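Chemist: Kindly generate the complete structure, drawing on both the sequences and the hints.
Order-wise, the sequence lines are chains W and X. Counting from 6, one number per residue, gives the positions in the first sequence under the working numbering. Counting from 6, one number per residue, gives the positions in the second sequence under the working numbering.
For the record, the hints were derived by calculation from the structure and aren't laboratory data. Since the model is a prediction, treat every value here as computed from it, not as a measurement. Do not rely on the hints blindly, as some may be mistaken.
One copy or two, it doesn't matter: identical chains are merged, so the pair holds either way.
[Unchecked claim] Cross-link-like lysine to aspartate or glutamate pairs, in silico, EDC-like; alpha carbons within 16 angstroms at most:
1. K242 with D418
2. K412 with E102
3. K54 with E293
4. K28 with D337
5. K28 with D333
Protein chains: 2
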Amino acid sequence: MDVNEYVKTLGEHARQAGRAIAKAETATKNAALVAMAEAIELAQPELLKANAQDVELGKANGLDAALLDRLELNPERVQSMADGLRQIAALPDPVGEISGMSYRPSGIQVGKMRVPLGVIGIIYESRPNVTADAAGLCLKSGNASILRGGSEAFHSNQAIAACIHKALASVGLPAEVVQVMETTDRAAVSALITMSEAVDVIVPRGGQGLIERIAREATVPVIMHLHGICHVYIDDKADTEKALAIAFNSKTQRYGTCNTMETLLVAEGIADAVLPALAARYKEKGVELRGCQQTQAILDGVIAATDEDWQTEYLAPILSVRIVAGMDEAIDHIRRYSSGHTEAVVTDDYSRARRFLREVDSSSVMVNASTRFADGFEYGLGAEIGISTNKIHARGPVGLEGLTSQKYIVLGDGHIRG
Amino acid sequence: MDVNEYVKTLGEHARQAGRAIAKAETATKNAALVAMAEAIELAQPELLKANAQDVELGKANGLDAALLDRLELNPERVQSMADGLRQIAALPDPVGEISGMSYRPSGIQVGKMRVPLGVIGIIYESRPNVTADAAGLCLKSGNASILRGGSEAFHSNQAIAACIHKALASVGLPAEVVQVMETTDRAAVSALITMSEAVDVIVPRGGQGLIERIAREATVPVIMHLHGICHVYIDDKADTEKALAIAFNSKTQRYGTCNTMETLLVAEGIADAVLPALAARYKEKGVELRGCQQTQAILDGVIAATDEDWQTEYLAPILSVRIVAGMDEAIDHIRRYSSGHTEAVVTDDYSRARRFLREVDSSSVMVNASTRFADGFEYGLGAEIGISTNKIHARGPVGLEGLTSQKYIVLGDGHIRG
Numbered sequence: 006m007d008v009n010e011y012v013k014t015l016g017e018h019a020r021q022a023g024r025a026i027a028k029a030e031t032a033t034k035n036a037a038l039v040a041m042a043e044a045i046e047l048a049q050p051e052l053l054k055a056n057a058q059d060v061e062l063g064k065a066n067g068l069d070a071a072l073l074d075r076l077e078l079n080p081e082r083v084q085s086m087a088d089g090l091r092q093i094a095a096l097p098d099p100v101g102e103i104s105g106m107s108y109r110p111s112g113i114q115v116g117k118m119r120v121p122l123g124v125i126g127i128i129y130e131s132r133p134n135v136t137a138d139a140a141g142l143c144l145k146s147g148n149a150s151i152l153r154g155g156s157e158a159f160h161s162n163q164a165i166a167a168c169i170h171k172a173l174a175s176v177g178l179p180a181e182v183v184q185v186m187e188t189t190d191r192a193a194v195s196a197l198i199t200m201s202e203a204v205d206v207i208v209p210r211g212g213q214g215l216i217e218r219i220a221r222e223a224t225v226p227v228i229m230h231l232h233g234i235c236h237v238y239i240d241d242k243a244d245t246e247k248a249l250a251i252a253f254n255s256k257t258q259r260y261g262t263c264n265t266m267e268t269l270l271v272a273e274g275i276a277d278a279v280l281p282a283l284a285a286r287y288k289e290k291g292v293e294l295r296g297c298q299q300t301q302a303i304l305d306g307v308i309a310a311t312d313e314d315w316q317t318e319y320l321a322p323i324l325s326v327r328i329v330a331g332m333d334e335a336i337d338h339i340r341r342y343s344s345g346h347t348e349a350v351v352t353d354d355y356s357r358a359r360r361f362l363r364e365v366d367s368s369s370v371m372v373n374a375s376t377r378f379a380d381g382f383e384y385g386l387g388a389e390i391g392i393s394t395n396k397i398h399a400r401g402p403v404g405l406e407g408l409t410s411q412k413y414i415v416l417g418d419g420h421i422r423g
Numbered sequence: 006m007d008v009n010e011y012v013k014t015l016g017e018h019a020r021q022a023g024r025a026i027a028k029a030e031t032a033t034k035n036a037a038l039v040a041m042a043e044a045i046e047l048a049q050p051e052l053l054k055a056n057a058q059d060v061e062l063g064k065a066n067g068l069d070a071a072l073l074d075r076l077e078l079n080p081e082r083v084q085s086m087a088d089g090l091r092q093i094a095a096l097p098d099p100v101g102e103i104s105g106m107s108y109r110p111s112g113i114q115v116g117k118m119r120v121p122l123g124v125i126g127i128i129y130e131s132r133p134n135v136t137a138d139a140a141g142l143c144l145k146s147g148n149a150s151i152l153r154g155g156s157e158a159f160h161s162n163q164a165i166a167a168c169i170h171k172a173l174a175s176v177g178l179p180a181e182v183v184q185v186m187e188t189t190d191r192a193a194v195s196a197l198i199t200m201s202e203a204v205d206v207i208v209p210r211g212g213q214g215l216i217e218r219i220a221r222e223a224t225v226p227v228i229m230h231l232h233g234i235c236h237v238y239i240d241d242k243a244d245t246e247k248a249l250a251i252a253f254n255s256k257t258q259r260y261g262t263c264n265t266m267e268t269l270l271v272a273e274g275i276a277d278a279v280l281p282a283l284a285a286r287y288k289e290k291g292v293e294l295r296g297c298q299q300t301q302a303i304l305d306g307v308i309a310a311t312d313e314d315w316q317t318e319y320l321a322p323i324l325s326v327r328i329v330a331g332m333d334e335a336i337d338h339i340r341r342y343s344s345g346h347t348e349a350v351v352t353d354d355y356s357r358a359r360r361f362l363r364e365v366d367s368s369s370v371m372v373n374a375s376t377r378f379a380d381g382f383e384y385g386l387g388a389e390i391g392i393s394t395n396k397i398h399a400r401g402p403v404g405l406e407g408l409t410s411q412k413y414i415v416l417g418d419g420h421i422r423g
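Modeler: Below is the structure:
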């Protein structure tokens with residue numbers, strides 16, 4: 006079958022199914038999610054078997070260890086997929102929420118109603134759990150989804166899709182509410198991200214290469230998740246203990262996440278007081294430091310940071326450190342090098358905290374807290390489909406609400422315009 | 006000067022000026038808007054002179070009467086530009102608004118802060134008043150703007166730009182907060198709508214041709230304003246008087262606006278009761294009716310509506326009329342032919358009203374009110390930059406809030422992630 010025809014058919018089916026799921030009652034959607042969880046639990050042996058096939062093929066194809074780890078399912082990971090779906094079922098339904106209704110001088114009553122976007126395309130890589138997560142979030146938010154996973158997880162994704170379809174059928178929802186692509190042809194991705202008539206938004210979840218390709222080619226709007234070059238700025242009015250705790254936690258609590266700090270900025274007035282103690286803690290943890298000249302003057306054995314370092318998302322136990330004159334220089338550095346994901350200031354100065362919050366233009370801006378808090382669960386969204394570094398629609402962690410929009414509703418009693 | 010270089014320079018300047026206006030205090034922005042209004046009032050003779058030049062050229066170039074009318078300024082129109090700017094000054098400042106702050110179990114406090122988008126590109130056609138309106142709305146919402154008006158209004162736009170720049174200088178804001186393009190080269194538009202690094206969103210204001218070109222070429226997100234194929238559906242549980250009033254007003258209150266009804270759907274159970282009286286009123290007003298076979302059977306002298314009619318935004322005293330079995334068929338028709346702008350139902354049935362509100366997927370959905378209410382002033386936004394038929398970000402009339410976004414802010418007291 007021709008790939009473009011295939012994707013077009015997926016799109017048409019999704020558009021139709023989107024209408025059914027948009028008007029589905031909350032109880033039906035929740036029942037579907039719980040049924041999906043049960044089907045996944047029940048199918049654990051089949052899921053592990055399909056996954057073993059993918060892992061074997063992956064090894065034969067020379068996938069690296071990190072990729073194989075992301076690909077692999079085990080009983081805990083299967084259970085965690087099911088748990089995730091039950092958590093989504095427990096979240097409030099965003100669809101139909103009415104807000105801001107007020108009477109206008111004309112006598113009409115105007116407000117907004119939250120509505121699904123329609124059809125969401127999710128493009129992801131090796132982790133098979135995204136199939137269940139993304140399907141669940143799209144369904145709860147009243148959207149049909151077209152899921153395109155990585156070719157390395159093909160059998161796992163198809164096995165998860167079978168569970169999802171069994172569950173949809175059990176509550177009387179059309180199977181096309183969630184469609185998992187049955188082709189690994191790369192041309193199918195190009196077709197999906199340019200099919201404006203059938204797809205309302207694309208959410209890519211994957212590495213830099215995938216995201217950049219989609220940004221370049223897509224004509225459908227994309228909820229973009231760029232890399233995270235996150236900064237912590239230790240102001241000279243910072244509390245030293247808080248500064249040490251936040252700078253250490255932001256870097257070392259996990260290395261491979263997008264909200265991990267990659268560059269530490271330190272006001273020169275406090276550098277002597279915090280850097281040596283912090284460097285000792287990093288050293289103990291095995292974090293390599295790369296610093297500016299001033300940092301090198303304070304700390305021994307720090308290699309010189311290049312301009313490349315300020316632009317790098319290490320995702321590893323490496324940290325670049327720069328001493329700045331004060332907040333102006335810190336904000337300038339962030340403006341120049343940040344990817345707009347998450348930045349934090351450590352300060353006890355009220356006006357500087359206010360200024361940092363207002364002037365730093367990132368999706369999350371923090372005062373006296375670790376950058377590692379920037380995710381949907383920590384923010385109380387219940388779950389997230391990604392973290393947006395877009396400027397329009399949604400910035401930061403995107404949960405159910407980010408998969409919806411608001412239309413205006415107007416109530417009258419025969420009102421006409423004079 | 007090379008056009009691409011020129012637009013690139015505009016973009017770089019806008020990006021820098023965007024930082025200044027993003028952090029400008031509300032009082033400064035309001036003072037700038039009032040100063041703009043005063044400068045425009047004071048420069049009335051110059052504005053009229055520059056405009057006369059455009060009108061003369063337009064006549065020489067054979068512009069049609071409608072276009073010339075849109076192009077022409079007179080003392081009232083100049084005053085109305087100034088008044089519009091004062092109204093924007095009086096609106097609440099959306100920037101920095103903090104909402105939803107709440108404590109999380111981890112102890113951090115999380116909420117959202119409303120922030121400017123950054124740099125907004127406005128592309129418009131003949132009406133010179135858009136220069137002042139758009140500049141004012143972008144400025145108040147904390148954004149820098151790059152304005153590209155139609156070549157036919159070139160001298161008028163430059164004269165308005167001079168007033169704006171005088172005003173910006175008088176309050177100490179950089180001139181680059183509002184840049185009006187000094188070239189009419191079409192390549193400049195292409196450069197602007199693909200300059201993702203410097204422009205955050207494009208708002209086109211103009212005819213179908215302009216919008217379609219931008220939709221096709223833009224890589225910068227676009228707040229799209231498609232045409233308005235708006236429907237009124239008269240349900241068989243409608244109050245006859247309300248139905249007559251709303252159907253008449255939705256079509257005839259103004260013909261050339263995007264929220265004017267273009268197709269009337271009537272439930273067959275009420276068609277005999279409303280259509281003859283309605284047709285008489287339309288006839289008196291000079292509205293031509295085009296109908297389905299059933300409509301033709303009820304009304305004399307109605308020509309047959311073709312499939313083309315259901316897809317046409319007449320912007321004229323022409324109305325297509327279709328009799329449907331009931332709400333299912335009405336919603337199906339709307340789904341197929343609506344442009345997603347505005348639809349209204351006339352009904353006294355509670356459940357049907359609820360259903361129409363939920364299931365009709367347009368930017369404004371109304372019960373017992375005229376479609377003509379769908380605009381920013383009527384909705385209380387104070388002003389509008391356009392009406393969005395997008396699904397993401399903003400749907401319906403876009404005021405100051407639609408020119409902003411929300412970032413997350415996190416307040417802690419040394420909190421780290423466990």
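Chemist: Each hint should be assessed against the structure and marked as holding or not.
Modeler: Now for the hints, and whether the structure bears them out:
Proximity of K242 to D418 under the C-alpha cut-off of 16 angstroms is restricted to the inter-copy arrangement: shortest distance 14 angstroms between copies versus 60 angstroms within a copy. Proximity of K412 to E102 under the C-alpha cut-off of 16 angstroms is restricted to the intra-copy arrangement: shortest distance 11 angstroms within a copy versus 21 angstroms between copies. For the homomeric pair K54 and E293, neither the shortest alpha-carbon distance inside one copy (41 angstroms) nor that between copies (68 angstroms) is at most 16 angstroms. Taking the shortest alpha-carbon separations for K28 and D337, only the inter-copy value of 14 angstroms comes in at or below 16 angstroms, while the best intra-copy value is 48 angstroms.
Proximity of K28 to D333 under the C-alpha cut-off of 16 angstroms is restricted to the inter-copy arrangement: shortest distance 14 angstroms between copies versus 51 angstroms within a copy.
In summary, the structure is inconsistent with hint 3 from the numbered list given earlier, while agreeing with all the others.
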